[in-house]
Amino acid sequence: NAGVTQTPKFQVLKTGQSMTLQCAQDMNHNSMYWYRQDPGMGLRLIYYSASEGTTDKGEVPNGYNVSRLNKREFSLRLESAAPSQTSVYFCASSSPGAVMGGTEAFFGQGTRLTVV
Amino acid sequence: KNEVEQSPQNLTAQEGEFITINCSYSVGISALHWLQQHPGGGIVSLFMLSSGKKKHGRLIATINIQEKHSSLHITASHPRDSAVYICAVRSTTSGTYKYIFGTGTRLKVLA
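Going line by line, the protein sequences match chains G and W. For the first sequence, the numbering used here gives the first residue as 1, with consecutive numbering after it. For the second sequence, the numbering used here gives the first residue as 1001, with consecutive numbering after it.
In isolation and in its complexed conformation, chain G is listed as follows:
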């Protein structure tokens, strides 16, 4: 099925461990995003990539790094996980011009990460 594929769906890390969240889209979108969702707060942008080869910081980038491996794939890395990074992470993609796909799904299913 077309859309955004995000892995893993669940992950538990110990403080200080590292991990990479993977995201791939098959809609030929230029722009990709990583968000985190915390209780009582709206989705907050961590990093985004406007096109292949470019990445930029979002609202809450500290403690994260990203790689736009190619047009399809955009990964998020936690080098040294902290309990404050416990959250649900969403990858998203869109076409230039910020049309979020109309009625099409453009978010991944989310990764529920717990750091203990």
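By construction, these hints were calculated from the structure, which means they are not laboratory data. No residue lacks a Cβ here, since even glycine has one placed at the ideal position from N, Cα and C.
In silico BS3-like pairs for lysine-lysine, Cα to Cα no more than 30 angstroms straight-line:
id, chain 1, residue 1, chain 2, residue 2
1, W, 1055, W, 1068
2, G, 57, W, 1068
3, G, 9, W, 1108
Here are the simulated distance ranges between beta carbons:
id, chain 1, residue 1, chain 2, residue 2, range
4, W, 1002, G, 86, 18 to 28 angstroms
5, W, 1060, G, 18, 44 to 54 angstroms
6, W, 1058, G, 63, 35 to 45 angstroms
7, W, 1018, G, 70, 40 to 50 angstroms
8, G, 15, W, 1014, 42 to 52 angstroms
9, W, 1056, G, 10, 24 to 34 angstroms
10, W, 1066, G, 77, 40 to 50 angstroms
11, G, 95, W, 1028, 16 to 26 angstroms
12, W, 1040, G, 14, 19 to 29 angstroms
Covered, in the sense of this in silico footprint (three residues per stretch, anywhere, with C-beta under 8 angstroms from a C-beta of chain W), are these stretches of chain G:
id, stretch
13, 38 to 50
14, 109 to 116
Using the hints, position chain W against chain G.
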């Protein structure tokens, strides 16, 4: 104060009721989106609006640019409509690829 405010935060309705969810924003925008987050966590884009009104099935979305307000209506609500509905704006002051999200309205429709 959040730049995107939704009301109500929680809403319980009986099957068949007409439902309205509101979104107010305080920034200049080029587009507003309504998203649906299912209980399993997946997020689906329902509408993108820059003016006027759009309809898709039992869902209707309206926007008033002058009043900086949008509403999402659900007619003949059904338990499968139970989800979190999120308003997101593409702010003209926050950069080309950035959006500001509301905290969501949790809707529960009872059979």
